[in-house]
Amino acid sequence: MTPTPVIEIENLRKSYGSTVAVDDVSLRVHAGEIFGLLGPNGAGKTTTVECLAGLRTADSGTVRVLGCDPQRDPAAVREVLGVQLQSSRLPAKITAGEAMRLYASFYSDPADADELLEMLDLSGKRHTRFEALSGGQQQRLSIALALIGNPKVAILDELTTGLDPQARRDTWRLIEQVRSSGVTIVLVTHFMEEAERLCDRLAIIDAGRIVAEGSPTALIAGLEDRRTFRMRLADPIDEAILTDLADVDSVRHIGPELEVTGSRTVLPATLLALAEVDIVPDEIRTLNRSLEDVFVATTGRELTLTDSEVPA
Amino acid sequence: MSATTTPVPSTGATRALIPRGLGQLTRTEARLFSRDHGSVFFALVFPTMLMVGMGYAIPGMRTPVEGMGPAWDGTLVIHLFTPALVAVAIATVGLTTLPAYLAGYREQGIFRRLSTTPMRPAGVLYAHLVISVLTLLIAAPLAVTAGVVFFDVPMPGQWPVVLSTFLLGSAAMLGVGLLIGGLAPKANVASGIGMLVYFPMLFFAGLWTPGPMMPETLQTIATYTPLGAVSQAMSEGWFGTTVPWLQLAVLAGYSVVLFAVGARTFRWS
Chain L
421 MTPTPVIEIE NLRKSYGSTV AVDDVSLRVH AGEIFGLLGP NGAGKTTTVE
471 CLAGLRTADS GTVRVLGCDP QRDPAAVREV LGVQLQSSRL PAKITAGEAM
521 RLYASFYSDP ADADELLEML DLSGKRHTRF EALSGGQQQR LSIALALIGN
571 PKVAILDELT TGLDPQARRD TWRLIEQVRS SGVTIVLVTH FMEEAERLCD
621 RLAIIDAGRI VAEGSPTALI AGLEDRRTFR MRLADPIDEA ILTDLADVDS
671 VRHIGPELEV TGSRTVLPAT LLALAEVDIV PDEIRTLNRS LEDVFVATTG
721 RELTLTDSEV PA
Chain Y
212 MSATTTPVPS TGATRALIPR GLGQLTRTEA RLFSRDHGSV FFALVFPTML
262 MVGMGYAIPG MRTPVEGMGP AWDGTLVIHL FTPALVAVAI ATVGLTTLPA
312 YLAGYREQGI FRRLSTTPMR PAGVLYAHLV ISVLTLLIAA PLAVTAGVVF
362 FDVPMPGQWP VVLSTFLLGS AAMLGVGLLI GGLAPKANVA SGIGMLVYFP
412 MLFFAGLWTP GPMMPETLQT IATYTPLGAV SQAMSEGWFG TTVPWLQLAV
462 LAGYSVVLFA VGARTFRWS
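From first to last, the protein sequence lines stand for chains L and Y.
Each residue of the first sequence is one higher than the one before, starting from 421 at the first, in the working numbering.
Each residue of the second sequence is one higher than the one before, starting from 212 at the first, in the working numbering.
Mixed in with the good hints there might be a few duds.
[Claimed, not checked] Have a look at the derived ranges for each label pair, beta carbon to beta carbon:
{"id": "1", "chain 1": "Y", "residue 1": "Ile-349", "chain 2": "L", "residue 2": "His-547", "range": "25 to 33 angstroms"}
{"id": "2", "chain 1": "L", "residue 1": "Thr-477", "chain 2": "Y", "residue 2": "Met-424", "range": "50 to 58 angstroms"}
{"id": "3", "chain 1": "Y", "residue 1": "Gly-403", "chain 2": "L", "residue 2": "Thr-718", "range": "43 to 51 angstroms"}
{"id": "4", "chain 1": "L", "residue 1": "Lys-513", "chain 2": "Y", "residue 2": "Leu-353", "range": "21 to 29 angstroms"}
By construction, these hints were calculated from the structure, which means they are not laboratory data.
Ideal Cβ placement from N, Cα and C applies to all residues, glycine included.
Kindly generate the complete structure, drawing on both the sequences and the hints.
Here it is, written out as structure tokens:
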């Protein structure tokens, strides 16, 4: 893998009126990797991507895609960058095959439309109109169109939003397949699980700034001094017994369970304190750390978004 | 696919003038339009239906014009409507079809999607102007042919005037459509505005009081509306002997101004 970054963003800034959408973002994406841009809605992900694709002019900072400046030479970038945009549709009555032929005609060296449709499991839908495709099929067609120009870099923006879990997992498999064909992928998402599962490296973006960057494992490992476990007790207890302990940061009620977070020794310390008042938990399970925890740790907020909260 | 980082050189001006794939885009858009049966029917057949319907359903249409001097001898009332109906054909495409398409494409993010490809979103405008012109070239002759077949409408006396009016009038009305489609936030808003402009324009075109039957003050106002000018110039080219310079100038003026403003104010996203 060449060390030359495929995408290089330095000190990118973009405001809309008095609202700062992107406030000093710098990042590098290397050839052949799946790079995640993770963050809540309104964090500045889409604006960053739009500056990359040359759809918006940055206020300041530099952007390079394969050495080209999308602000000054957008035509050069459009040939090598495939983009799948959130909330952009196709005409209702266009068939999948027609859309592929149409988009292929825009590029100097397009990919084979039939091969792409095959890879995206849309071969049987060639003559089906866009309006008659399922949500997952529409998304797959959208990915196919992002790849039809034989791009070196593909930006996929919120591509599994609105898909059911099965379709989402199928799409993930697909993205890995695309990457193995040599395309560098920038994945914009607010799904922690998606980023954790797919990305080689990722940047967590919040309020227009990058708050953490690295591989999912490294980011999670960075939290290792904090531990969380859940337990079920037969009877309610005075929670002060736990919160008074130096090892305990917080105690939360999750359904019938208590979730306790604290230092590396939070579990033995809690059990000891409970034993002193003659309580033994019925059930204890430790929790794996996830990107969700990284997000909470770096932003001080929780990222709990469901599909229904995502604006269309 | 290799992971090299060679930038693709931009081919500059030639690509900007005729983007690659414009032909394919126009063909695809035409195919999509042909699947939109409602719009196709309205644009192609409505003026003809109006012609035939008015001629047969409204009493007195097939009687000779009276009291307008010897020049009009042998002319039926429905004949006077023919230029107005050509104007209707032009207005129908310009005001009902085009604005809804353009606003709908913006609403669905299709222009934005195209912006990320080497094709420029303006390619869709070229494609739809071509489609609109082709539609008009079918719709208007169809209505006139129906008039000839059913009511023995005479051929125009001054073909050059009729054709240049058709050309300039189409340009002016497509300009109106471009302006509405470029500014309306949604397809249904664009259709609404289109309709709101359509009916007053039909009035000035003389759909209720054709040609010489319109009161003089109204005629003076109508001269300065795009469709009024089309109808008047068309009438003069059909039945008259002079060249309607004023109306043609009005249409040329509208075309230039509307396209300039429409192109400048067009919102892509």
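Results for each hint:
no. : hint                                      : result
1   : Y:Ile-349 - L:His-547: 25 to 33 angstroms : holds (27 angstroms)
2   : L:Thr-477 - Y:Met-424: 50 to 58 angstroms : holds (56 angstroms)
3   : Y:Gly-403 - L:Thr-718: 43 to 51 angstroms : holds (48 angstroms)
4   : L:Lys-513 - Y:Leu-353: 21 to 29 angstroms : holds (24 angstroms)
Checked against the numbered hints above, the structure breaks none of them.
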